[in-house]
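These protein sequences, in sequence, are chains A and B. Mapping to the working numbering: the first sequence position 109 is 901, numbers consecutive. Mapping to the working numbering: the second sequence position 234 is 218, numbers consecutive.
Mixed in with the good hints there might be a few duds.
The list that follows gives simulated cross-link-like pairs (lysine to any residue, SDA-like), each with its CA atoms no further than 25 Å apart [to be verified]:
{"no.": "1", "chain 1": "B", "residue 1": "K43", "chain 2": "A", "residue 2": "V874"}
{"no.": "2", "chain 1": "A", "residue 1": "K839", "chain 2": "B", "residue 2": "S54"}
{"no.": "3", "chain 1": "B", "residue 1": "K3", "chain 2": "B", "residue 2": "N17"}
Keep in mind that the hints were calculated from the coordinates and are not lab data.
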Amino acid sequence: MTEKNTETDETENELEELQEKLQEIKDQEGIIGYILRGAKSASIDLKDPTKIIDYAVLSSTAFDASINMAEALQMGEPQKIVVESEETKLLSMNVNNHRLSIFMEKTVNHNNLYKNLK
Amino acid sequence: MDRDPSAIALNNAITEINKAYPDIKNSFIFTKNGTILTGDQETDQQTINNIQQSFENLKEKAKTIGNLESFTITTKNGKLTLSNIKDMHLLLATSKNADKNHIHAITQVIIPTILKTVEALAPTQPQPQLTPPKQFIVDTLTGFFAGDSVQIDTEILRDWTKNNNDPRARVKTAITGEPNTPENIEQVKIETFGGNSTLCKVKEINDQNMKGKNMIRIPEKLCKTLEINKGDLVKVEPAS
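Pulled out of the complex, with its shape left as it was, chain B reads as follows (with noise of 0.2 Å):
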């Protein structure tokens, strides 16, 4: 299941309402693309995928009437909800005596209301890149090893790892636990004061007379592509 930070608060809501439900046998919420959110520890794993199947071929078919909205069936021993809350399902097996009214409050109120929540605090699209463009002293790359990549300082690229700027990514760390592993910087977006830009490889400055001294070497072929000399200032962000 995912462990998502939303999956999380979307797992401790159906655990909540089925205690406070006791007539909801089962439950759980899948994506539209099929991966399942969260479900109640009774339902295995086998028995959510069988269902999910039925459901995707029943919701293909039903094109022919328009978007699936919901899918219930009534059987001697209870009731099984299919709705289609936003870009999810949610399915509630529930027993004979449960009260429509409270079944109709979960998928209707209670539910979509958690899933604005959870949306508003950790939003799904991941959060543009924060980090400002750096200005950089050009330092030419020649010879046969010069290659194709761009190097810049160890400490500059460290501060630029993506996740440090990512708020999604510290919610989950405060909500699951798990260590914040920062993604090393692979690109950047260099930028010339004449108005050339480029993305290129980068690789951290292996020449230790250079350190710290805010430059970046640049490949001698990139630099007639750039239009720009040594000693030169660029613009460098990183780029995803």
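So here's chain A without its partners, still in its complex pose (with noise of 0.2 Å):
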């Protein structure tokens, strides 16, 4: 029970370490906003509040597709999905069991997103 108890802890430090991270990075230039997904609960920040809706369809798209294109090729999992259009970008990542996906003007350099936040 007290291991239990130690590990739920630890979960819930690495969250909100996660969730301070994003804090930082949504303030940073380019950020157009992320969605963070658990199992149970999910946090979203965007700039244009109208598109929370189509920007979810898109992230949860982008995780399926991943997911279905690396098992027909038997790559193992997909631990970076980055979906690029004219001018702006996708970074997804699972990180502690939760589905990131942060959105942001193509001129970011997700991979330093990617290393900051794995």
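Using the supplied hints, reconstruct the complex from the two chains, each of which is provided in its own coordinate frame.
Next up, the structure:
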């Protein structure tokens, strides 16, 4: 019981740490926002709230597509997913059993964000 | 897979690239409308279809951030890159140790250059019909069985067969070795010197006495519409 509580505490601490990092990232130039989804909860912070649903659907589709494709080609579990359009890009990854998607302008270096969060 | 000459050229290019870069595990190219142009021998059709389906779904949802340009997945074992090149999508699955610069060169320089070259050599749009109009002397077809088709000499119809004038078909024949099957002319455009014109079905002349006389037999009803009479001259060209 004590062990389980310690584990839960650790996970909560890691999550808090992640939230803090995300708050810092959010204020960086070119960051449009993020979606963090766990099994029971989700936190969304986007500059344009009207796009929440569209961005949430895209994030979920990116995860599903990456799993399907990696599985089809026997490449193992996806670690980093990047979707790029003409002006915007999306970085998605799994952090502490949460699905994280960060939306940003194309000029932002997503590799730096990935290293910071992993 | 598409056996178009450009697809064959692309297939050869992909094969050579795979040989030169052993870190490439899977590769294939498909068009925006889902047609698979070429792919490596290792990836089976079912796998390609699965990937294509997932990608199409993602492309649709990604419209919210603009037109999708690329999709990259990094896993423990390697990297999968789906790039948008002109009207096509290139998938490259590479091993973990693949050189980033090489992959960038392939997706951004080599394949786009090959596509441009292939397009220049074998244009995707069919060439316009090169056959000039021919002049014929009108003979009227009368009677119950006149029908609505005009009649022209077999030799002339044979000369007009579309593929004889299509350079793309000739390139295809040269590369694939497949026979260049001529397509029969089914319609012609008739133009009178009075400025009237019409499209109508065409058949071979069935009257032996009329053959080789540079004549066109036109049903009487159509002659009236075109305001022409027996013995008039008309310009005729094959229509697609």
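So, going through the hints one by one against the coordinates:
no. : hint            : verdict
1   : B:K43 to A:V874 : 13 Å, holds
2   : A:K839 to B:S54 : 24 Å, holds
3   : B:K3 to B:N17   : 29 Å, violated
Checked against the numbered hints above, the structure violates only hint 3.
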